[in-house]
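**Student:** From first to last, the protein sequence lines are chains A and B.
With numbering that gives the first Met the number 0 applied, the first sequence has no gaps in its numbers, which climb one by one up to 498 at the end.
With numbering that gives the first Met the number 0 applied, the second sequence has no gaps in its numbers, which climb one by one up to 196 at the end.
By construction, these hints were calculated from the structure, which means they are not laboratory data.
Predicted model only: the values in this text are computed from it and were never measured.
Incorrect hints may appear among the rest.
If you anchor each label on the Cβ, the simulated ranges turn out as follows [said to hold, decoys possible]: (1) B:Ile-38 to A:Glu-29: 16 to 24 Å; (2) A:Arg-70 to B:Asp-44: 46 to 54 Å; (3) A:Gln-37 to B:Lys-157: 34 to 42 Å; (4) B:Asn-81 to A:Asn-339: 52 to 60 Å; (5) B:Ile-109 to A:Pro-55: 25 to 33 Å.
Okay, derived cross-link-like pairs now, DMTMM-like style, lysine to aspartate or glutamate, Cα gap no bigger than 25 Å in a straight line [stated by the list, open to error]: (6) A:Lys-453 to A:Asp-356; (7) B:Lys-163 to A:Asp-296; (8) A:Lys-183 to B:Asp-192; (9) B:Lys-163 to A:Glu-331; (10) A:Lys-200 to B:Asp-192; (11) A:Lys-159 to A:Asp-128; (12) B:Lys-195 to A:Glu-209; (13) A:Lys-27 to B:Asp-43.
Quick look at which bits of chain A chain B covers, simulated, 3 or more residues with Cβ under 8 Å [to be verified]: (14) 3-11; (15) 15-22; (16) 179-193.
All C-beta atoms in this analysis are idealised placements derived from N, C-alpha and C, irrespective of residue type, glycine included.
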Amino acid sequence: MKNKVLFVITIIVVFLLGLLASSIVNRKSEAKYKYVPQVNISENEPRNDVWGENFPLEYQSSLQTLDTTFRSFQGGSAMRDVLEEDPNLVILFAGYGFSKDYNQGRGHAYAIEDLQNSLRTGGPKGKGDGPMPATCWTCKSPDVPRLMNEIGIAEFYSGKWADKGAEIVNNIGCADCHNPKTMKLRITRPALVEAFDAMGKDINKATHNEMRSLVCAQCHVEYYFDKKLPGKEGIPYLKFPWKNGMTVEAMEDYYDNIDFKDWTHKISKAPMLKAQHPGYETFVTGVHADRGVSCADCHMPYKSEGGQKFTDHHIQSPLNNTSNACQVCHREDSKKLIANVYERQSKAKENRLNLEDLLVRAHLEAKKCWDLGATEKEMKPILLDIRHAQWRWDYSAASHGASFHSPVETARVIGGGLVKAQDARLKLARVLAKYGHNKPIDMPDVSSKELAQKYIGLDIEKLKAEKAAFKKNLLPKWLEEAKNREDKMEVNTNASLRK
Amino acid sequence: MKKKIEILPQEPRWRKIALFFIAVIIGLGLFMAKESKVISYLSDDPQACVNCHVMTPVYNSWMHSSHREWAKCNDCHVPHDNVFNKYYFKAKDGLYHATIFTARAEPDVIKMQEASQKVVQDNCIRCHVQQVTQTKYAGFLEDHKENRTKRQCWSCHKQVPHGKIHGLLTIKFNVAPLPTDQEEMVIPAWLADKIKE
Numbered sequence: 000m001k002n003k004v005l006f007v008i009t010i011i012v013v014f015l016l017g018l019l020a021s022s023i024v025n026r027k028s029e030a031k032y033k034y035v036p037q038v039n040i041s042e043n044e045p046r047n048d049v050w051g052e053n054f055p056l057e058y059q060s061s062l063q064t065l066d067t068t069f070r071s072f073q074g075g076s077a078m079r080d081v082l083e084e085d086p087n088l089v090i091l092f093a094g095y096g097f098s099k100d101y102n103q104g105r106g107h108a109y110a111i112e113d114l115q116n117s118l119r120t121g122g123p124k125g126k127g128d129g130p131m132p133a134t135c136w137t138c139k140s141p142d143v144p145r146l147m148n149e150i151g152i153a154e155f156y157s158g159k160w161a162d163k164g165a166e167i168v169n170n171i172g173c174a175d176c177h178n179p180k181t182m183k184l185r186i187t188r189p190a191l192v193e194a195f196d197a198m199g200k201d202i203n204k205a206t207h208n209e210m211r212s213l214v215c216a217q218c219h220v221e222y223y224f225d226k227k228l229p230g231k232e233g234i235p236y237l238k239f240p241w242k243n244g245m246t247v248e249a250m251e252d253y254y255d256n257i258d259f260k261d262w263t264h265k266i267s268k269a270p271m272l273k274a275q276h277p278g279y280e281t282f283v284t285g286v287h288a289d290r291g292v293s294c295a296d297c298h299m300p301y302k303s304e305g306g307q308k309f310t311d312h313h314i315q316s317p318l319n320n321t322s323n324a325c326q327v328c329h330r331e332d333s334k335k336l337i338a339n340v341y342e343r344q345s346k347a348k349e350n351r352l353n354l355e356d357l358l359v360r361a362h363l364e365a366k367k368c369w370d371l372g373a374t375e376k377e378m379k380p381i382l383l384d385i386r387h388a389q390w391r392w393d394y395s396a397a398s399h400g401a402s403f404h405s406p407v408e409t410a411r412v413i414g415g416g417l418v419k420a421q422d423a424r425l426k427l428a429r430v431l432a433k434y435g436h437n438k439p440i441d442m443p444d445v446s447s448k449e450l451a452q453k454y455i456g457l458d459i460e461k462l463k464a465e466k467a468a469f470k471k472n473l474l475p476k477w478l479e480e481a482k483n484r485e486d487k488m489e490v491n492t493n494a495s496l497r498k
Numbered sequence: 000m001k002k003k004i005e006i007l008p009q010e011p012r013w014r015k016i017a018l019f020f021i022a023v024i025i026g027l028g029l030f031m032a033k034e035s036k037v038i039s040y041l042s043d044d045p046q047a048c049v050n051c052h053v054m055t056p057v058y059n060s061w062m063h064s065s066h067r068e069w070a071k072c073n074d075c076h077v078p079h080d081n082v083f084n085k086y087y088f089k090a091k092d093g094l095y096h097a098t099i100f101t102a103r104a105e106p107d108v109i110k111m112q113e114a115s116q117k118v119v120q121d122n123c124i125r126c127h128v129q130q131v132t133q134t135k136y137a138g139f140l141e142d143h144k145e146n147r148t149k150r151q152c153w154s155c156h157k158q159v160p161h162g163k164i165h166g167l168l169t170i171k172f173n174v175a176p177l178p179t180d181q182e183e184m185v186i187p188a189w190l191a192d193k194i195k196e
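Here chain B stands alone, though its shape is the one from the complex (with noise of 0.2 Å):
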């Protein structure tokens, strides 16, 4: 009990006041992260991007692109070398773009920060490494290297996988499907109940 008082201010009335505060810097932290849904963040489910819809346009082109059917949003955009890698790579990416978001700073048109480029790049060779590094070529095909290695997957697949429009504005309505239909009724229930009569 000694021990305890010792670490805790001193006079009563500002410790009370003091835990008081504490306690709300607490409850307004537990909000926020209901409110900002920050569980789903440590997940690799693709609609915890689109929980800020700034993400809308490029979800909504990954969502019917090829892609969709074999690399989640993480497969590209995170590192996959390590698991303290990602994670660490993961908040670093995700608190900037928290920071911007909310200092109301994001461009129209997103682009890839150099860091996030180099990421994308080494998870295109994962996925891809048979089709680009074909070493017999190298032999007898002037620079075979230096264009393998030097240039980025982007600069000539530049739609792979979310299209050439990018904006904000260019999605409909701002409205995220879901990547699969859900199961349910495609006649109306009245005529369901009609045709059973």
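Isolated chain A (complex conformation) (with noise of 0.2 Å):
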């Protein structure tokens, strides 16, 4: 009887045991599939759209840089034409396709549109014709990191900017920062790589918070291209010149140690540098970047929607977003935050202005010198003082957002480039007495951009007839084939992956 009895208690304690156990492995196996991609994202995935699928709430925020509504004192979404602001700037970029049409670039939803659209691009017809190289499709899209992976690096660089046209249609987006498997951040462009090797550091060991503003930094820095680098002879190879440094000397020494110019001044055939738009070496110098502060804290800050919290992927000018990206840290009033920024950079900007009218003053004069007869010897170190100078006044105007990152640092810069100014325009006024022309040059009236423009001999109707010559012919025949590289691209949802 005893016995009967342990058997049967036995026999409901297993029992029960048993329910206990698979209880814990269904509870178990609920957490796993609590998360259930829509579909599985490739390596090397372009379409942001496909992204979506699984991360609609970063992916939705991310479609909001089509907005081009917000204004700044000097920047915001929307387009604005530089050189019909200010037409000094026609003149400072003669010769270079700066002054052809510069206008500031909308939200990363029209990184590809916007380059079409430039007048810089010119109006190719084909495969191997216009103006740039296939590099300036670097940054444009997470189409680059793609191709780079199907044909290599160099190969990605060499050829026309025409030549790749119908590979490159996704704006910039997931894929560019983005490891789609752990959505980690990553770094996809070899040039900042190479500028982290060229300075002896290892980006890997980057910590996360730095990599909330390295992704940045693989297109928001100074860069150059490189025609001269050992077996890549002719490729315009993508680099930083960050090797001595990122400060504005650092960079400088750099560029006058290798004997680089991006062009040859027009009317002052001074061997100039374009200062691109070093936003995060000036960033690095500023009291934010200081603190621990990454890019993604204020251009994406964390927001909530439905009791989720998220980074908002609209990446935007904080000064439109003054709540989520500002007074999480500073307690102050919206209006007094922006009355704060507007100050630095009207400030900055006060001083840039009369750094800029030295520079136009000097282009002009030392044409008046080469027009009297100056001989090279003469004019040398004053062409450098003019590259020096011009290179600091882009430094400190280019990344648009340097005035507030670093004031201190861009007040240094400035002044450094009004002294450069002086310098060489008391040389020049040295040449111009010495050729008899003791007394200020005549100044042609480049008040507006149209005036500038034809001064310094550019056909903007022709470049314009051009570029809609380009949009009308061939730019339809370079959506319509990438359309049908992407209709036979394969999308994995989960559905197919289950059958």
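Using the hints, build the complex out of the two chains.
**Tutor:** Written out as structure tokens, the structure reads:
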């Protein structure tokens, strides 16, 4: 009898234990399937909407970069014709693409459209045509890592801009910064990795917080095209001049040592440097960077929707979103914060415009010297001063945000530029006097964009006609070719995986 | 040998069956110990608390708080007066959790039991004692002692450290990330290879 009872009790205990075990296993798998991704994103998936299937909140907020309604003191999401606002820039960039057309960019969602529309990229009629190299695509699209993976880095950089027009169609997006498996931040542009190597640093050692700025530093930096890379001669290989450091002097030193120039100035014949957009380099000298704030903290702050906290992928001016971007740390009123930003920007602008005025005069005075018969030897130190002065002007202006990100450094750089420009004009006055012109030169009327472009000999109507022809003939073919290619690309949905 | 037979059932037939079932119980027990990661509950690792996904929201909110740098789950949620009390309380709390969870009776919003509140309050004081005991005020501030001792810290500091949002549905994908980044490549493998070329 005792044994029978033991037997029955054991059966009940085993049965209950079985139930418990099955419950544990069930609840474990329940946790696993709480997050079920809709699609399986492949390694270099360039289509942002495919990523958007799995991450709708982030994707939809990224689409808001289409908004072009916000204007700030010197930026915002609206397109601004910089040459129209300040025709002096036409003179400063004479002989270079930026004198043709310089629109301040809109959001990431317009990266490709704006580049296709810019007069700088010209009106190519087919492969191998046009003024710009393929390298110009590097920052514009998640198609870039895809294509680099397919054909190679140097192969990507070689050829004309028009050669790769049909390949690059998706605007800046997910794959540029994210690992498709873990969604962790990643670096997809070789130039940043190579720049870290050149500085003797390993980018794989970067912390998550540093990565929140470094993904931006893949593009928002000063760069140049190196056509003399051993083994890859002739290919405009994208490089960052960071070997000696990121300050205005360190990069200038770097360029002077390798005897590099972006272009020869059409008026003064000076060997010029174009500061592209040293946003990261100037940001790291500022107080926000010093306190460990990253780009994403202000330009893509956290937001919550339906109780879910996520990173706002509407990358934009923090001034359009002060409550999430600034007031998380600064308890002041929004108006007050914006006024603080504008104060820094307008004070920097005041001196920058002074420097700009000196530079315009220096270029025109240099032209007068050449006209009067000055020699190469006489002009060389002057042109070097002009090169260094305009490099400082550009370094402080080109990233648009520098005067707020780092007002002290920006003031220092502009101050240095003013000295260099005055040095140049002092020497110019001596040369002019030597050739019998001991008075101010006659300044041409360059008070509007049109007058200035006419003065430097640009035929804008011709450029516009070429662009219109390109958009009518070649561009539709690119888009069709791209569509055919993408139609063939598979999307692995979870439903199809289960089959 | 004789002694042993006396303890075990007399009839060999029953003995075999009983032995078999006892072995089944032990086997099932071991299986469950493995599945439920029983050993991990003896540690202080916060990862042990998210073995059970109901804890993911509180784990995530803790992980994004400044307390992450100083206090793990156990630093606040189990007593620290002595080691026996610690494990006694942990076992009591854990078995209660396991019972509720197995019965599928867990609420959408988890709140502390009274015993647990007392433990947490003691643990707040344990670290922050210097910030909450300004005895000199007792002389000239009315009700200072009562204000100080009769309330719980989180009557005011409601969002420390778990924030104000607690529901299971508020945590995206219900994924509990690791507290620190594991070292890994930030460059995709193909790009690293291509740069080496």
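**Student:** Next step is simple, just say for each hint if it's right about the structure.
**Tutor:** Hint by hint, here is what the structure shows:
1. B:Ile-38 to A:Glu-29: 16 to 24 Å: 22 Å, holds
2. A:Arg-70 to B:Asp-44: 46 to 54 Å: 52 Å, holds
3. A:Gln-37 to B:Lys-157: 34 to 42 Å: 36 Å, holds
4. B:Asn-81 to A:Asn-339: 52 to 60 Å: 55 Å, holds
5. B:Ile-109 to A:Pro-55: 25 to 33 Å: 28 Å, holds
6. A:Lys-453 to A:Asp-356: 19 Å, holds
7. B:Lys-163 to A:Asp-296: 21 Å, holds
8. A:Lys-183 to B:Asp-192: 20 Å, holds
9. B:Lys-163 to A:Glu-331: 24 Å, holds
10. A:Lys-200 to B:Asp-192: Cα-Cα ~18 Å, so holds.
11. A:Lys-159 to A:Asp-128: Distance of about 7 Å is within 25 Å: holds.
12. B:Lys-195 to A:Glu-209: 24 Å, holds
13. A:Lys-27 to B:Asp-43: Roughly 21 Å separates the two Cα atoms, so the pair holds.
14. 3-11: holds (count 4)
15. 15-22: Holds, because 5 residues of the region 15-22 of chain A bring their Cβ atoms closer than 8 Å to Cβ atoms of chain B.
16. 179-193: holds (count 8)
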